[in-house]
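Undergrad: Sequence:
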Amino acid sequence: MSTRVNPGLIKEMSKFGMGSWNACFHCGNCTAVCSLTEEGILFPRKEIRALQMGLKDKLATSVEPWLCYYCGDCTETCPRDANPGELMMSVRRWLTAKYDWTGLAGLFYKSLSALIIAFVLIAIGIVTIGFVKDFNPGAVMHFGHSLEFYLILTVFTIILVPNILRMFYFTVIKAKVNAPFGSYIAAIGSLIVHMFTQVKTLKCDKQTVRWLEHFLIVMGYLGLLVITVFLDWFGTENRIIIYMGYITGGLVFVFTFLLMFSRLSKARELNKYSQPTDWFFIIWLFLMGFTAFLVRLFIDIDLLNDHFWIYMVHLIVISQWGMLLVPFGKWTHFLYRSFAVSFANLKKAAYKDKLATAA
301 MSTRVNPGLI KEMSKFGMGS WNACFHCGNC TAVCSLTEEG ILFPRKEIRA LQMGLKDKLA
361 TSVEPWLCYY CGDCTETCPR DANPGELMMS VRRWLTAKYD WTGLAGLFYK SLSALIIAFV
421 LIAIGIVTIG FVKDFNPGAV MHFGHSLEFY LILTVFTIIL VPNILRMFYF TVIKAKVNAP
481 FGSYIAAIGS LIVHMFTQVK TLKCDKQTVR WLEHFLIVMG YLGLLVITVF LDWFGTENRI
541 IIYMGYITGG LVFVFTFLLM FSRLSKAREL NKYSQPTDWF FIIWLFLMGF TAFLVRLFID
601 IDLLNDHFWI YMVHLIVISQ WGMLLVPFGK WTHFLYRSFA VSFANLKKAA YKDKLATAA
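Using this note's numbering, the first residue of the sequence shown is number 301, and each one after it goes up by one.
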């Protein structure tokens, strides 16, 4: 069977992060020190090898880049300073663009100006809607609440679901993973567990605090999403819902602020290299939680009508978040990694079934 080599792959990949790919001489140290490698699932050396050889199709069918949680052990112990952890991060960005049927994820990763223009256009659109509605608090907030609901529905059905199906095609169908039927049922359970807990992070050394930070942010984000969109946090008078909203909103902006500080200080290996999309993601997540907190606070102290600009800022932030960062930015890493764990389990089941058949 022939293998197609793409000599331009390294140049293409350099647009998604690290520009130097030649330091690695394949000693295998990175794979040896990784706590997450196991029989049939080996990384990151295999992915770096495929990259250097221009094996674009092979890289596209790989789930292994998503199984890396960037603890930094491989980078810290690399004898050639090849930075395998950041190389894997760059591959994940490239895969995000590969899965996206619209092509916008790749455009925004490769062009900061295109991303900024998109942010500005959305802001102009929201302000224009405010003008049309005379900045009437009731009318604008009713529009905002409806926008949140239909935005979630549209992004999920039109963009995220097709992208996940494309991921399944590349990593399972095109990779010719012949897993037993029962393993698909088991994969659903692992998907749910890992989507909400990302528990595999705990297999990495010294990652307990980092896992807890991310877990609280995810729980805060999902809680705030449910309370704001489905329980109408800004319109309800139910004190339990109101207090739950304060708690979830606080979790989001407090722990996201800590993550911003960590990225600025570059204290952790995974924070030493940041792309603009990394900053957009973390800053907008902070702004989303913080502005939601302020909007509800100003409602409770009866000052929102006099300071309605706070809600307008919040509406702009969540619109940019939902239209750009969720479907095309780093938010999708949360989704793709969760599915990758399930697809990797299918791959392991197929590998074991093959060994059993051969025996």
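Treat the hints as calculated values from the structure; they're not laboratory data. Hints are not guaranteed to be accurate.
Simulated crosslink set (SDA-like; lysine to any residue; CA at most 25 Å straight-line) [unchecked claim]:
id: 1; residue 1: 410; residue 2: 652
id: 2; residue 1: 566; residue 2: 544
id: 3; residue 1: 652; residue 2: 468
id: 4; residue 1: 476; residue 2: 306
id: 5; residue 1: 315; residue 2: 335
id: 6; residue 1: 358; residue 2: 421
id: 7; residue 1: 358; residue 2: 332
id: 8; residue 1: 566; residue 2: 619
id: 9; residue 1: 315; residue 2: 652
id: 10; residue 1: 630; residue 2: 401
Undergrad: Now, for every hint given, state plainly whether the structure supports it.
TA: A quick look at each hint next to the structure:
{"no.": "1", "hint": "410 x 652", "in the structure": "39 Å, violated"}
{"no.": "2", "hint": "566 x 544", "in the structure": "33 Å, violated"}
{"no.": "3", "hint": "652 x 468", "in the structure": "20 Å, holds"}
{"no.": "4", "hint": "476 x 306", "in the structure": "21 Å, holds"}
{"no.": "5", "hint": "315 x 335", "in the structure": "29 Å, violated"}
{"no.": "6", "hint": "358 x 421", "in the structure": "37 Å, violated"}
{"no.": "7", "hint": "358 x 332", "in the structure": "22 Å, holds"}
{"no.": "8", "hint": "566 x 619", "in the structure": "30 Å, violated"}
{"no.": "9", "hint": "315 x 652", "in the structure": "37 Å, violated"}
{"no.": "10", "hint": "630 x 401", "in the structure": "16 Å, holds"}
Of the numbered hints stated above, those contradicted by the structure are hints 1, 2, 5, 6, 8, 9, listed in ascending order.
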